[in-house]
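Trainee: Protein chains in written order, with the UniProt record's numbering: chain A, 1 to 375; chain B, 1 to 375.
No wet-lab data here; the hints were simulated from the structure. Any given hint could be a false lead.
Copies of the same chain look alike in the list, so a pair counts if it works inside one copy or between any two.
BS3-like cross-link-like pairs, simulated, lysine-lysine; straight-line CA separation at most 25 angstroms [what the hints assert, rightly or not]:
id, residue 1, residue 2
1, K58, K297
2, K87, K128
3, K128, K215
4, K247, K338
5, K343, K20
All figures in this text were calculated on a predicted structure; none of them were measured in a lab.
Number of protein chains: 2
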Amino acid sequence: MGTKENGCAGSTQASTQVDKGVDFANYFCTYGYLYHQKEMLSDRVRMDAYFHAVSRNKHHFRGKAVLDVGTGSGILAIWCAQAGARKVYAVEATKMADHARDLARENGVEDIVEVIEGSVEDVTLPEKVDVIISEWMGYFLLRESMFDSVICARDRWLKPDGVMYPSHARMWLAPIRSGITDQKMEDLNCAMNDWHSFVDETEVHYGVNMSVLTKAYREEHEKYYLKTSLWCNLDPNQIIGTPALIKDIDCLQATVDEIRTITAQLMLPIHADRSRISAYAGWFDVQFKGCGQNPAKDEVELTTAPDADGGTHWGQQVFLVNPPIRVNEGDKVLVSFKMSRAKQYHRLMDIELISELELSSGKRLPPITTRVSIE
Amino acid sequence: MGTKENGCAGSTQASTQVDKGVDFANYFCTYGYLYHQKEMLSDRVRMDAYFHAVSRNKHHFRGKAVLDVGTGSGILAIWCAQAGARKVYAVEATKMADHARDLARENGVEDIVEVIEGSVEDVTLPEKVDVIISEWMGYFLLRESMFDSVICARDRWLKPDGVMYPSHARMWLAPIRSGITDQKMEDLNCAMNDWHSFVDETEVHYGVNMSVLTKAYREEHEKYYLKTSLWCNLDPNQIIGTPALIKDIDCLQATVDEIRTITAQLMLPIHADRSRISAYAGWFDVQFKGCGQNPAKDEVELTTAPDADGGTHWGQQVFLVNPPIRVNEGDKVLVSFKMSRAKQYHRLMDIELISELELSSGKRLPPITTRVSIE
């Protein structure tokens, strides 16, 4: 069903790699808007991390060839050029490539930055590169599955001793308290009450009994209110247990197979007393450490953990636990975590969390299964 | 570029009929949600019109064969069955067809209503029909271009003496007063001020000058704020001139060619003194009159004109006039109206209005061109 991209194995297993036109309509097209680019360019935490990673590690760039995967406005490519790169191939799938070209020219680096419009799976470069730089991270790291494209680019175009920017990525999970679960449950109740009135009125006024649709209507709204992850910028004091590391990725070694399905057995100690796990929060961080033979001189980290100063445009992803789980300090939650790509579309994710509460007494409560989708 | 549907001429002229997968991602998929169906089913003006049209004209249905194009939940099909139809073919492109089937069964009409999942362009019926019923109207009547599918169904499946429900449709335009144009101009100014600050900060903090993108950023935001039609439910007292009829459609005779581009020369007398045309409002109405040889006994009209009682889910479409045109009672606006399908996607519309104000003195002011898109 999907088109096999040039040079990369199609990832058509359990998840659908959709037709290119559909992929553009669903995904790529947003990136063609300056409004969207500006939103990312205005994220100071994001910008600082990449800017410092590059400008404080010029040894990785001076005289080198660089590939920027998904250059967008071209900002990373321009920074690489300003850091001394000999050549930067800046690949962009949308018409934003035209703007990237203008930006490179107006900033005096058009001899260094070559903007190529196309998918990185399809383009041909005149040489292999020393560095691949990309800002590929989606919500909770892997939403959008753009890392597949970076892996493909790496396998095709990175020299054996080349360096990835970022070099590493990690996914985290923590239990949180929040009023949002109660709120969404209330919203669902209101929606169902409204539905029942609608069913009554439709029968009275129009002689058609719609009650056979109640089950499907409820399922649709449960999915919407309770089983779709939420974007939030959480306050750190909402975290009621120690965050656990779900996955640690070495961007130089990772394969698409390894990230297609992410599983982890986690242990989250609770540190808030007489509280409730209303949800789990998921976030990520990335590091710019270079590689073993060619390390960074100044390591930089970009984190999207809850931050009192406001966070990033990624926020965190919040997975509601319905109903919330009562917990006390000293309890532990054992979480069996599994994230896989949505069957219908590989850029979206389905998550299953099985939570077993272990009280401080040692007693274990029956497991609770939570299924959510990252849409 | 588009796939030619079975039995109907492809409409690939100046506008793109997109690939079926893209069409589903962009358009059809919304109709697969009960939430969306309920929104339409809760529109009492819409429901009353169709319900009365059918139930007060049983002679059109008793013992007859009916085709419901785009049956959705199946409501129209069920009403036709309840009005005495012998057979109703209820065609639906999305999985909503499953729900329509359940609804027909639970309402005791499954022997009459046959739900067929598919595009009406592709399906094969065992017989021609006496009536084609469909709720195909989009914003400003033709957004979504679903009427193309109804025309196709008519040409393939309606008996020579058959009847269309609705039988006629009209598009209207009126000048309105509104604070919204000033508001959108202010929003645009704020967006540009914010952009300029962003450009300055990006140069200071990150050494990259983004000013070359200012023109494109402005164009993108002008399009968004000023050149995209707005959905509103207007108050009738916002109308400051006599509405003009843009187009009158006979659903039994209309061709796709005739509706591909709509042009009209309109004359709108102004009846408000010392006012401004801040925008034009567009809306539609449809009538259920039957046909010459087989008229309705009880004619019903469904109008989406501005209504103090709240209107319909269609609202009206509002086309901003920037800057607003000062007018006085007795003035006339001569409007050259043209609506065509968006190049990239046949279900969206591009509108051009050329307004010439003729003062009560007889003096004519230079023409003002307004271009908007219905997205």
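Trainee: Please go over all the hints and tell whether each is borne out by the structure.
Mentor: Verification of the hints:
1. Taking CA atoms no more than 25 angstroms apart as the test, K58 paired with K297 passes inside one copy only; the shortest distance there is 9 angstroms, against 83 angstroms between copies.
2. Within a single copy, K87 and K128 get their C-alpha atoms as close as 11 angstroms, which meets the 25 angstroms cut-off; across copies the closest is 67 angstroms, which misses it.
3. In this assembly of identical chains, the alpha carbons of K128 and K215 never lie at most 25 angstroms apart, being 56 angstroms within a copy and 36 angstroms across copies at closest.
4. For the identical chains of this complex, K247 and K338 are intra-copy neighbours only, at 11 angstroms inside a copy versus 57 angstroms across copies, given an alpha-carbon limit of 25 angstroms.
5. Within a single copy, K343 and K20 get their C-alpha atoms as close as 17 angstroms, and across copies as close as 19 angstroms, so both meet the 25 angstroms cut-off.
Comparing the model with each earlier hint shows a violation of hint 3 alone; every other hint is respected.
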